[in-house]
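Novice: Mind docking chain E on chain L? Use the hints.
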Amino acid sequence: MRRSSDERRLSHIRDDPGRTLMCARGLHAIIPLVHLPGLDRISRQRQGRVIAGVCAGLARGLALDVSVVRLGMLLLSLAGGFGVLVYGGLWLALPVDDDPAPARPVHRVDDVAALAVVLGVMLVLRAAGVWVTDAVAIVGGIAAVGVVLVWGRSGGTESPARNPTAAVRIAVGVALVIVGFIAFNVLTGDLAALGRSVIGAALAAVGIALLFGPRLARLASDLTAERRARIRSEEKAEIAAHLHDGVLQTLALIQHRAGTNREVAALARRQERELREWLYGSPSSGVTTLSSALTRELAAVEDDQQVPIELVIVGDAPLDEPARAMVAAVREAATNATRHAGGVRVDVYVEVDDDALTGYVRDRGAGFDPAAVPADRRGLADSVVGRMRRAGGTAVVRSQPGEGTEVSLSMPRRRP
Amino acid sequence: MTPRVFLVDDHALFRAGVRAELAEHLDVVGEAADVDEAITRIPAARADVVLLDVHLPGGGGVEVLRRLGPAQSETRFLALSVSDAPEDVIAVIRAGARGYVTKSITADELADAVRRVAAGDAVFSPRLAGFVLDAFAGDRSPPVDPELDALTAREREVLRLIARGYTYKEIARDLVLSVKTIETHVSAVLRKLQLSNRYELSRWASDRRLL
Chain L
1 MRRSSDERRL SHIRDDPGRT LMCARGLHAI IPLVHLPGLD RISRQRQGRV IAGVCAGLAR
61 GLALDVSVVR LGMLLLSLAG GFGVLVYGGL WLALPVDDDP APARPVHRVD DVAALAVVLG
121 VMLVLRAAGV WVTDAVAIVG GIAAVGVVLV WGRSGGTESP ARNPTAAVRI AVGVALVIVG
181 FIAFNVLTGD LAALGRSVIG AALAAVGIAL LFGPRLARLA SDLTAERRAR IRSEEKAEIA
241 AHLHDGVLQT LALIQHRAGT NREVAALARR QERELREWLY GSPSSGVTTL SSALTRELAA
301 VEDDQQVPIE LVIVGDAPLD EPARAMVAAV REAATNATRH AGGVRVDVYV EVDDDALTGY
361 VRDRGAGFDP AAVPADRRGL ADSVVGRMRR AGGTAVVRSQ PGEGTEVSLS MPRRRP
Chain E
1 MTPRVFLVDD HALFRAGVRA ELAEHLDVVG EAADVDEAIT RIPAARADVV LLDVHLPGGG
61 GVEVLRRLGP AQSETRFLAL SVSDAPEDVI AVIRAGARGY VTKSITADEL ADAVRRVAAG
121 DAVFSPRLAG FVLDAFAGDR SPPVDPELDA LTAREREVLR LIARGYTYKE IARDLVLSVK
181 TIETHVSAVL RKLQLSNRYE LSRWASDRRL L
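Taken in order, these protein sequences are the chains called L and E.
Take my numbering: the last position of the first sequence gets the number 416, and nothing is skipped along the way.
Take my numbering: the last position of the second sequence gets the number 211, and nothing is skipped along the way.
If you're looking for bench data, these hints aren't it; they were derived computationally from the structure.
Take the hints with a grain of salt, since some may be wrong.
[To be verified] To give a feel for the contact side, a few chain L residues facing chain E, derived at Cβ under 7 Å:
| no. | residue |
| --- | --- |
| 1 | Q249 |
| 2 | L253 |
| 3 | I254 |
| 4 | H256 |
| 5 | A258 |
| 6 | V312 |
| 7 | V314 |
| 8 | D316 |
| 9 | D320 |
| 10 | E321 |
| 11 | Y349 |
| 12 | Y360 |
| 13 | R362 |
Bear in mind that the values here come from a model prediction, so they are computed numbers and not experimental data.
Heads up, the beta-carbon is just placed ideally off N, CA and C, and yes, glycines get one too.
Okay, chain L solo, but in the shape it has when bound (with noise of 0.2 Å):
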């Protein structure tokens, strides 16, 4: 409830234009997409690219992994630059698909068999004389594999520090690169030594850029991710601070004043409760502790019974067999009390230490002498104290007319 209006608020700032949607009507209006039996629909795909998302796109539409198809298409690009037009094809014959079918699982035999194409192709074209030097076509291919190995299978997204994998993959395809490079160079040593110092140069800077951009990308997002979270955070300060004063009080106000009418009196306090729950509530918003539960039971009480319940919680506890047992003997004592409180406010107090939960559930109605407990009591008092008995705890139901009613519940904790 809470998180989904959260969402709609933020909606507007996610949305940012440059997002926008733009379905390409080129080339694959009239060509007709590339649709082998068995497999997907082949598109483009924004999530996860590095230039135009046809790796991505074709890593998922042919069960790939997205590596591979990096890696394959780099390769083919050696091969007298067969790999560039390919791509550039790719992309402008393919769709984009923002929102493509779940990815199918990958098959490690379909990687090998995908990269054997991808070397026969190479050797056809090869044999073509659609080639550069063999030379050139080893170092790069060493190189292209370290480049693959750094950017990885999320384009450089994932952070080394929290993936070791990761890092010893990052590490060896650093230095795949530079062995790259190096080889380049003494292979190439033939030519002038001005111009090998300036391709050299501009391999190098290539290569920087091509390990640490992904990164660098990656810091920038971070970075707006960060601020997204930060206006947002503010912008609920705000709300809190200006707005949710005003409307507490008028509820509060409302409360006071609704007199005998216990339904006006009800919804005011439900509404303010909502509203503090939303205000002030954590963003985990599970049922996972002694006290989430207690309040979530104790506001399910107040709404039925239309009789306010102030509940106090010393300490917390996770919700255990113990925990549930009190959670459901304090809703039961509560939900009695409340009939009897007169429309008058029931006090709930829990307490959690180190052995034992301990638990208070008082109105101020009329109270009952304990000699002669009228039948409804009864009730009270066998329902509870045998909950709490069979569940290892105990409970004592003290009253006297005129005094109002306290049930005390006692829980031993489990040990760990």
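Specialist: Below, chain E alone, put in the same frame as chain L:
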């Protein structure tokens, strides 16, 4: 003697509501809607108790206490707020308020709290009592100043009963003590809350910023 009460709250509607509710019990002698108004009007009003909203334009209730504090020794402050954020509560108490009650309090309870503060006692809502128990329970490190940094067993007992929704009278009966003794215990806790330099106290308040 009926205590003279001054209201500081930026919501006119709420001031009107409180004024109407308190009029039959107490003598409401003035109102202010922000910090500056409060600074200029409170000394002239010679109020016994100022009901002080925690959130106010111009710095909040803490700012009123800070600027007015030393000059107003005969006026006592009771914080009244819809905010349950512990850091706000602790800040206003440490700035010198004699107690803290939430706006969900009934008219009778509020009148009772005002009389108590006028008499020099402290007033804790069940929630504040819970806050304090929580704040002083957290750690097991030996207190730097035992006089200020830890609660006595009796003080804990009293706070626990407040958190359970007991009135001072009921607590006194339950513990077989006089109401005066209960008041002394609560005042002692208030003093600890105001003067203790416990690191945990401020850390606790900021940890629990979003309750």
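Novice: Given E321(L) was flagged as interface, is its beta-carbon under 7 Å from a beta-carbon of chain E?
Specialist: violated (24 Å)
Novice: Was the hint right that L253(L) lines chain E, CB cutoff 7 Å?
Specialist: holds (5 Å)
Novice: Mind checking the CB of Y360(L) against every CB in chain E and telling me if the closest is under 7 Å?
Specialist: holds (5 Å)
Novice: Given I254(L) as an interface hint, is the shortest Cβ-Cβ distance to chain E below 7 Å?
Specialist: violated (10 Å)
Novice: Double-check A258(L) for me: the hint is only fine if its C-beta lies closer than 7 Å to a C-beta in chain E.
Specialist: For A258(L), the interface hint is violated, since the closest Cβ of chain E sits about 12 Å away, which is over 7 Å.
Novice: Is the interface hint for H256(L) satisfied, with its Cβ closer than 7 Å to some Cβ of chain E?
Specialist: For H256(L), the interface hint holds, since the closest Cβ of chain E sits about 6 Å away, which is under 7 Å.
Novice: Given V314(L) as an interface hint, is its Cβ closer than 7 Å to any Cβ of chain E?
Specialist: With a minimum Cβ separation of about 5 Å from chain E (threshold 7 Å), the hint on V314(L) holds.
Novice: Would the hint on Q249(L) be counted as holding, given a Cβ-Cβ threshold of 7 Å to chain E?
Specialist: holds (5 Å)
Novice: Using the nearest Cβ pair, does R362(L) come within less than 7 Å of chain E?
Specialist: Hint holds; R362(L) Cβ to chain E Cβ min 5 Å, cut 7 Å.
Novice: Restraint: V312(L) near chain E, CB-CB cut 7 Å. Satisfied or not?
Specialist: Because about 4 Å separates V312(L) from the closest Cβ in chain E, which is inside the 7 Å limit, the hint holds.
Novice: Given D316(L) as an interface hint, is its Cβ closer than 7 Å to any Cβ of chain E?
Specialist: This interface hint is violated because 9 Å lies over the 7 Å limit.
Novice: Hint validation: D320(L) versus chain E, beta carbon distance must be below 7 Å. Holds or violated?
Specialist: This hint is violated: D320(L) lies away from chain E, its Cβ roughly 20 Å from the closest one there, beyond 7 Å.
When each numbered hint is compared with the structure, violations occur for hints 3, 5, 8, 9, 10.
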